[in-house]
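Go by the hints and put chain B onto chain A.
Chains A and B, in that order, give the protein sequences. Every letter in the first sequence is one number past the one before it in our numbering, and letter 64, counting from 1, is 64. Every letter in the second sequence is one number past the one before it in our numbering, and letter 172, counting from 1, is 172.
Do not rely on the hints blindly, as some may be mistaken.
[Claimed, not checked] Partial chain A-side listing against chain B, Cβ under 10 Å, derived:
#, residue
1, E93
2, I95
3, E115
4, S119
5, I154
[To be verified] Cβ-Cβ distance ranges computed for the label pairs, FRET-style:
#, chain 1, residue 1, chain 2, residue 2, range
6, B, L134, A, A195, 47 to 55 Å
7, A, G78, B, S28, 29 to 37 Å
8, A, E323, B, Y62, 52 to 60 Å
9, B, A41, A, T68, 18 to 26 Å
10, A, R368, B, D133, 49 to 57 Å
11, A, R141, B, E90, 23 to 31 Å
12, B, A132, A, R141, 43 to 51 Å
13, A, E323, B, S71, 45 to 53 Å
14, A, T68, B, Y62, 51 to 59 Å
15, B, H9, A, R368, 47 to 55 Å
16, A, E316, B, P49, 47 to 55 Å
17, A, A247, B, Y62, 23 to 31 Å
It is worth saying that the hints were derived from the structure and are not from the lab. From a predicted model like this one, the values you see are computed outputs, not experimental measurements. Glycine residues also receive a C-beta, built at the ideal position from the N, C-alpha and C atoms.
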Amino acid sequence: MAVSLIHARPSIPVGIVVSTTGSYAPVGRDMHDGALLAIRQINADDANPFRLEPVAADPGGQLETYRTVCEEMLRDRGIRHIIGCYTSSSRKEIIPVIEKYDGLLWYPSHYEGFESCDSVIYGGAAPNQHLVPLAGWMLPRYGTNVYCIGSNYIWPWENNRIMRQLAEAAGGRILRERYLPVGSTEVGEIVREIAAMRPDFVFNTLIGESSYAFYRAYHALREQDPEFASDRRPVTSCSLSEPELLAIGGEAAAGHLTSSVYFQSIGRSENAAFVTAFRAAFGAERVTSADAEAGWIVATLLARAIREAGSSAVAEVKRAVYECRLEAPQGPVRVDAENNHAWLTPRIGRSDAAGGFALLWEAETPARPDPYLARVELATVRTRMRAAGARLRVIGP
Amino acid sequence: MNADIASLHGRRALILHRKDRNRDALESQLHRIGLDVACLAPLSEVALPDADVIFFDADLGYQGLFPWNPSEAPVPLIAILASEAPGRIEWALDQGATAWLHKPIGSTGVFSALAVALRLFEERRQMRASIADLSERVRARPIVVRATLAVMSGLGVDENRALGLLRQAAMRERVTVELLSVRIAAGGALAGLLPQEAVATVAGRTQPGRAQLRRKQT
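One chain only, chain A, in its complex shape:
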């Protein structure tokens, strides 16, 4: 339903399809709340000649339900813009429906890349914006022998494949690649193997409870053996976020490195305003995360594009969104007209026991999204290794 903006503040329905129950509910809740916060802010601003009406549905992590609720929104309710999906499998499930009804999916999550769909605006990090920077940070500083542990599905498989390429290009190798079924907390054997193999660092792509159990078990190991202290052999990831640090709890949550385009600790006034508004809306105990920020970004971009286009029609909104320049909590954000992914600012942070991240590094400018990793030069990794070589020898044992 294309809404013309001649009348006073017409209401434009926007679907929010994320799983706020089920196995990855905490992430879904963050994305939902980030989007809802943006919508409330848009509606509170009389400068917007329209209101967004959030229509939320919770597929509970069930693939089939993603498709049916989206179909119902697009076909029966005339909704054209849907903010939603966390897992790639759910996104792949609804893209055909979005395309069939000429809708537009605003996807608020980082993912493994290798997709560029005309009917999707990708608001989260592509692997060149978090995984490649993580490898670029870790390999020269800690070493090139990497231990990979992940949940058994496509996001970890693909991340580990890329990490292997980068480590091998740097002259190193993946010591072991281990997978646990989603939801499993049987991490004991893996931690024993890490203790025996002594990798330079661990790359963790476990999700949810599996990941929390692993961080706790790894903490027990480093308490026992200073060889595994967080400044010697840290655990790294591209997904560990502030709410998860609280879920892991206490000292076990501290000392891990994460590559992300957003941390709650970013010192921008836009971020301070975001954190304050988020807590005012959802509770003083809440923390913000990359998922919440991505939800906020896609909803805000959607509203900006509708305002610029003077219409909610998909084709016009898409044309307009490429022109939008958003000062997001993380920094300037825009959508690349070539591949529909966002330009985002890579960062590396170290977790602390208070549930936050200390910033170790951030890119000077937003990184161009490269979902097919077509512009990643493995030679660059080698050059960085050489550049870091002298320094490493100086501080080495």
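Same frame as chain A, now just chain B:
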């Protein structure tokens, strides 16, 4: 499986994929084309039923899904993919997939995927056989050289003639040149190499080794 795409009727297709719209679309399209279809999901430890062609979910496939070694698939394999992540594509290729179907599966694409898979599977099978044969010959090359030298000196002929005699004899005895060479290199008689007409031809010419050749024939 017969690579002829005109004779698909009654061929057995196996689909390894969870039940959803994609599988339903594929199943009904295969029925329309004329195949018998069996579906299996979730992919589990159960033995795979016999099939002439297998469609499999490459998004969820795992090491050990198929009971054969990677690249030794006994039937054409067609990968069903939603993800284009290189790791998944690589895995599907490692299994020996020769064609692809992208989700969402509709009424077009299934038949051409079948045609491509059958054709490439057959070409690959023939290529493998021919490579195996050539490898065998390359391995036997030193033996053939030794046998040729034995014929040259034993019968007093030049290299081309010696090779020609070996080939003709191999053809007469319905063995490979390599096998015959093994026999000769192991001390087998050279006499049987020469057919009667060859003896006449060789004997009628004046060329080096003629006397020796005649002497050997008598």
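*Given the range 18 to 26 Å, decide if the beta-carbon distance of A41(B) to T68(A) lies inside it.*
The hinted range 18 to 26 Å holds for A41(B) and T68(A), with Cβ atoms some 20 Å apart.
*Note whether the CB distance of R368(A) and D133(B) lies within 49 to 57 Å or breaks it.*
52 Å, holds
*Is the distance from the Cβ of A247(A) to the Cβ of Y62(B) consistent with 23 to 31 Å?*
Given a distance of about 29 Å, which is inside 23 to 31 Å, the answer is holds.
_Given the hint of 52 to 60 Å, is the C-beta distance from E323(A) to Y62(B) inside that range or not?_
With Cβ atoms ~45 Å apart, the hint is violated.
*Can the suggested window of 23 to 31 Å be confirmed for the beta-carbon pair R141(A) and E90(B)?*
With a Cβ separation near 30 Å, R141(A) and E90(B) satisfy 23 to 31 Å, so the hint holds.
*Okay, T68(A) versus Y62(B) on CB: inside 51 to 59 Å?*
About 28 Å separates the Cβ atoms of T68(A) and Y62(B), which means 51 to 59 Å is violated.
*How does the Cβ-Cβ distance of L134(B) and A195(A) compare with 47 to 55 Å: does it lie in that range?*
Between L134(B) and A195(A), where Cβ atoms are some 51 Å apart, the hint holds.
*Can S119(A) be said to touch chain B, with a Cβ gap under 10 Å?*
With a closest approach of 13 Å, the S119(A) hint is violated.
*Would you say the C-beta atoms of E316(A) and P49(B) sit inside 47 to 55 Å of each other?*
53 Å, holds
_Within 45 to 53 Å: is that where the Cβ-Cβ distance between E323(A) and S71(B) falls?_
With a Cβ separation near 50 Å, E323(A) and S71(B) satisfy 45 to 53 Å, so the hint holds.
*Determine whether the Cβ-Cβ distance between G78(A) and S28(B) falls within the hinted range of 29 to 37 Å.*
The hint (29 to 37 Å, Cβ to Cβ) holds, given that G78(A) and S28(B) are roughly 30 Å apart.
_For the hint 47 to 55 Å, verify it against the beta carbon of H9(B) and that of R368(A)._
Check passed, 53 Å falls within 47 to 55 Å.
Hint check: violations occur at hints 4, 8 and 14; the rest are consistent with the structure.
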